[in-house]
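Undergrad: Okay, here's what each chain looks like letter by letter:
2 protein chains.
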Amino acid sequence: MAGTQEHAISPTRTEDYPEWYQQVVRAADLAENAPVRGCMVIKPWGYAIWENIQRILDAKFRETGHRNAYFPLFIPLSFLVKEAQHVEGFAKECAVVTHHRLESDGQGGLRPAAPLEEPLVVRPTSETIIGAMFAKWIQSYRDLPLLINQWANVVRWEMRTRLFLRTAEFLWQEGHTAHATAEEAMAETCLILDLYAEFAERYLAMPVIKGEKTESERFPGAVSTFSIEAMMQDRKALQAGTSHFLGQNFAKASEIKFLGPAGREEYVWTTSWGVSTRLIGGLVMTHGDDDGLAVPPRVAPAHVVILPIIHKEETRAQVMEYCHRLLKEIQAQQYDGQAVRAELDARDIRGGDKVWEWIKKGVPFRLEVGPRDVAQDAVFAGRRDKGPRERESIPRAEFVARLPQLLDEIQDNLLARAKAFREAHTVEIDSKDDFYSFFTPKNPEEPEIHGGFALCHWCGDPVVENQLKEDLQVSIRCIPLDGSTEPGTCPFTGRPSPRRVLFAKAY
Amino acid sequence: MAGTQEHAISPTRTEDYPEWYQQVVRAADLAENAPVRGCMVIKPWGYAIWENIQRILDAKFRETGHRNAYFPLFIPLSFLVKEAQHVEGFAKECAVVTHHRLESDGQGGLRPAAPLEEPLVVRPTSETIIGAMFAKWIQSYRDLPLLINQWANVVRWEMRTRLFLRTAEFLWQEGHTAHATAEEAMAETCLILDLYAEFAERYLAMPVIKGEKTESERFPGAVSTFSIEAMMQDRKALQAGTSHFLGQNFAKASEIKFLGPAGREEYVWTTSWGVSTRLIGGLVMTHGDDDGLAVPPRVAPAHVVILPIIHKEETRAQVMEYCHRLLKEIQAQQYDGQAVRAELDARDIRGGDKVWEWIKKGVPFRLEVGPRDVAQDAVFAGRRDKGPRERESIPRAEFVARLPQLLDEIQDNLLARAKAFREAHTVEIDSKDDFYSFFTPKNPEEPEIHGGFALCHWCGDPVVENQLKEDLQVSIRCIPLDGSTEPGTCPFTGRPSPRRVLFAKAY
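As they're listed, the protein sequences go chains A and B. The end of the first sequence is residue 507 by the working numbering, with every number in the run present. The end of the second sequence is residue 507 by the working numbering, with every number in the run present.
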């Protein structure tokens, strides 16, 4: 760790990307596996990132007229079956509550007792239960639009789990809205997609591509599904948020009707949309490096950590007093509409270990403060967007005054870097051979890192999608909303293609 | 509703208190019963109160060094059995997940499939699962104290449920801390009890009595349980928050040990504490009246609602312009460290209905604005702590300038009123006959409203507690921390009593 060639995280990204990811999550103290299959414990540093994500998104939902509410964790089976596609999509991964009591098993253990009349599913998503409430709440066109959001935990019993990316339980927000017309519901779907994309880029420094899913990747029960797709450092795509236009499918399933101004009863048009703690996995794989995590300042739990360097006891009082004063000055600064978040880490552990802990956690600024810095009225500052040994002494007052601007610089750097990475690994491909070659590992030492985003023509046939998934584990991530719409020829079938779509391997 | 004698809520408190409660919750649009047994849907107005409670408490937890984290929803049965008292306390009300898939039942329905190897309990509280994590996280005295809080949903399968007060699923925060010594853990227990009491009084305008529970009312697995107890308007006690000193019980159950400075391995001392959405039920029963809810300004989703009065179309533009300007001015004011929260309700419904909706919701200030108010540059203001027809015209600029002070007045009034009510119904009782008479309904027309808080001597014998519970449904709510500690004689046994304790009927 101390040598110039070594790194804080082992293995490195190129050595073993999936294992690198797990190690960064661990080293940054974000989360760990719980002693419950497939579940995670989100630790304070990871949870604080989620709280920042919540705070920012919540304000944006509110500004756009949405209100938060809370719906039950449990869904009766009879609700789930109401929408045929929906139940088919979720039935295989539902946690089912069947009993409401425990009794002694006579051997010092417990067993379930008192069976429920109707088993309950732990919500994998809430369209059906919220639909049942909307049916009660909506009577007339005056009750529309109804714009509701919920922050909640959901459970999907996945067989292969990975911290943040795919866990049996995860935290998310789910928006559910009802509208009088298809046009309004589609406008809502797009409004949220834009909101998600802007959030990802501006706050997570994670550039994304907005697009529509093909039928095979659609949300079960949706008419159309839109998503934002980000490129991770193994060049795979991460679906980072989805917005669904549900048409009248759920309105019909739950009998959500309204009386129009002309007195005619009609079904409403609904949408649903969500982002989850998966975003934190995306953050790690967008900005992490072989020294750990780098957190974009706008969502960082702390912007600055102050690390007092005390080699001799007689300097302690002076250094600590300087550090406390510095802390207050920093906290009095504003960044992104909030007080700057700073911590003073005075724990009694080895200075080198402490510095590396904070590098791994990805705090934007580390300020080492020893007697010499006090004497010079300066701070010895390290930025997480630069090398761990690339530090500089900056006069205290200057650092404090420039801090908001410096944080913006880091935020911008992280975004620019992620954009450049994505651009470097996005290609247009026009032949099947090139396509197969692009998505085949070249270096057997690095099987995980290859490929990227391929913009290719596609005739629209799902058979092509199935074949590519089978052969290469590649799928159409989306039909980009902003890309070129020039027609061409599908390299897989030779048939005409209305436009290029985005292919990639995906999480 | 329009007459002078009538009220917006029917039945009134004296007519049928339990039904009045349900009607206020409904009329204030706080929550409703979900189509899942015992569960509730928290609607936007109710959820916004909870969000304010969260925001305020969260800041206080943070100031006192606590950090938020998130632990799994599911607890393996093998964890729950580790602490014998604990499992005994919760086994009868646990929702149990036994399967992780659904399959067709061949009749258009679904049935559970794929049984879990070990059934999982939906957390009724998280001591055991958090204890398992603490055992991993804590190695040395340097890791202590460990101060963690979680905002989460929990499930307790209660047979009789009531919105907010007792529901199968509810939202809460649960603090869990570990300390090196019993003294530090006890200091934490008391710190949080004080914090809860201050919060209840200062923000919810709900005066509470702090005290320790007797053994029969202790949290399952705790060494001692402390609570805050508030008096509702039917004079029953509501336990509004608890703080538990867990000793080393859970440390031993979960093997949470640390290496002391002297190198000796010891068990930690833990605490846990929580408040829940039950507080909203307490709010309703503290401040609600026969016209609906009154929300204390510090936790009100909106401080002010502006209600444009438009009788003729030609005045619309002028009135609306004035209202929008007023809205901006009001929102630019600060109250309790935040921007004043105001809404403009321009819905196209009858003015009288609209005003009453807001009275029932309990918004602190209603401002009716019609052409005459515009002409006078004034607002026609109604305060929720005064009668619904007691309104006054106030010059606009004066109202805006004085708003923070006026909100404080309302907040103070609500607290003073609740304190006076509690004092009026708190008595010292020294004979068994008086005690039985106090807790027996006098008026058969009002069976629900009688009694109050009785401060009585008690010899300490649990037999007395059982007898009183059986005869009168009265229990010892707490041994008050701040009350008189003069010794006396137990009116039930004639034996000596070290001090008076607090008896009441309770939710």
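FYI, nobody ran anything at the bench for these hints, they're computed from the structure. Any given hint could turn out to be false.
Copies of one chain are not kept apart here, so a pair can be met inside one copy or by any two copies together.
Stated by the list, open to error - Taking lysine to aspartate or glutamate and the EDC-like style, the derived pairs with C-alpha atoms no more than 16 Å apart in a straight line are: (1) K469 to D482; (2) K252 to E357; (3) K354 to E343; (4) K60 to D194; (5) K312 to E6.
Undergrad: Take the hints in turn and mark each one as holding or not.
TA: The hints, checked one at a time:
no., hint, verdict
1, K469 to D482, "neither (25 Å within a copy, 70 Å between copies)"
2, K252 to E357, "neither (54 Å within a copy, 31 Å between copies)"
3, K354 to E343, "within (13 Å within a copy, 49 Å between copies)"
4, K60 to D194, "within (11 Å within a copy, 35 Å between copies)"
5, K312 to E6, "neither (30 Å within a copy, 78 Å between copies)"
Checked against the numbered hints above, the structure violates hints 1, 2, 5; every other hint is satisfied.
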